[in-house]
Amino acid sequence: DTEVTQTPKHLVMGMTNKKSLKCEQHMGHRAMYWYKQKAKKPPELMFVYSYEKLSINESVPSRFSPECPNSSLLNLHLHALQPEDSALYLCASSPLGTSGSYEQYFGPGTRLTVT
Amino acid sequence: KNQVEQSPQSLIILEGKNCTLQCNYTVSPFSNLRWYKQDTGRGPVSLTIMTFSENTKSNGRYTATLDADTKQSSLHITASQLSDSASYICVVSADDYKLSFGAGTTVTVRA
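Chains A and B, in that order, give the protein sequences.
Here our numbering = 1-based position in the first sequence + 1.
Here our numbering = 1-based position in the second sequence + 3.
Quick caveat, the hints were computed from the structure, so don't treat them as lab data.
Be careful, since some hints might not be right.
Claimed, not checked - Here are the simulated distance ranges between beta carbons:
id: 1; chain 1: A; residue 1: 54; chain 2: B; residue 2: 6; range: 39 to 45 Å
id: 2; chain 1: B; residue 1: 44; chain 2: A; residue 2: 71; range: 27 to 33 Å
id: 3; chain 1: A; residue 1: 97; chain 2: B; residue 2: 71; range: 20 to 26 Å
Stated by the list, open to error - Okay, derived cross-link-like pairs now, SDA-like style, lysine to any residue, Cα gap no bigger than 20 Å in a straight line:
id: 4; chain 1: A; residue 1: 10; chain 2: A; residue 2: 52
id: 5; chain 1: A; residue 1: 39; chain 2: B; residue 2: 45
id: 6; chain 1: B; residue 1: 101; chain 2: A; residue 2: 10
id: 7; chain 1: A; residue 1: 41; chain 2: B; residue 2: 71
All residues carry an ideal CB built from backbone N, CA and C; glycine is no exception.
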């Protein structure tokens, strides 16, 4: 199974709502990532989890709160978002090791619209 | 600053024709270079990944080359198909986690 799954595929939320994005992988990868991608732009790294611990936070606003309940799951909790947060949110996972080539596998993304 | 530049920004080709996409990078240190294909509204899918010692790698009709001395890479698509219409992103890795993404080349294949 070389698939990263993300739910929901689409999400529309108001600025006062609280919602969560979910990501799951069963490849035994111990690194998981959240990216934000605006239209016609490359993905921007938001967070990295390594062995279920947050290892990188790219100065993301606190209205985005990541969570890694176990080695297969990654959540992104959303609260009080702004319209400019509308984007495609991508989850990725990769193995950890000494090879130096950490292939990242991406999920299909969640298309988020903040109204 | 680590940068990855791709050219052209977009191109249109006829079905069955070949095309080559370019990628120049200034990422240092260098760990590996990847080419991803991304359909609109979908996540990127890996086509190839090359380390410093590799100068060519193929995946079906896709062939990537790497010149680590000049810091250039290319992706050649042979006998294009309508399904090849997508954005192709060059990604360079300097360390374990963080990737430097190019802006992508949008390829449109027309019948």
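For this session: Would you check the hint for residue 101/B and residue 10/A, treating anything up to 20 Å between C-alpha atoms as holding?
Result: Distance ~25 Å between residue 101/B and residue 10/A Cα, so the pair is violated.
Exercise. Lying within 20 to 26 Å: is that true of the beta-carbon distance residue 97/A to residue 71/B?
Worked result: About 24 Å separates the Cβ atoms of residue 97/A and residue 71/B, which means 20 to 26 Å holds.
Exercise. If you draw a straight line from the CA of residue 39/A to the CA of residue 45/B, is it 20 Å or shorter?
Worked result: holds (12 Å)
Exercise. Quick one: are residue 54/A and residue 6/B within 39 to 45 Å, going by C-beta?
Worked result: violated (30 Å)
Exercise. CA of residue 10/A to CA of residue 52/A, is that 20 Å or under?
Worked result: violated (26 Å)
Exercise. Is residue 41/A close enough to residue 71/B, meaning Cα to Cα at most 20 Å?
Worked result: Violated. Residue 41/A to residue 71/B sits at ~28 Å, over the 20 Å cutoff.
For this session: With 27 to 33 Å as the target window, see if residue 44/B and residue 71/A comply at their CB atoms.
Result: Given about 29 Å between the Cβ atoms, the range holds.
Of the numbered hints stated above, those contradicted by the structure are hints 1, 4, 6 and 7, listed in ascending order.
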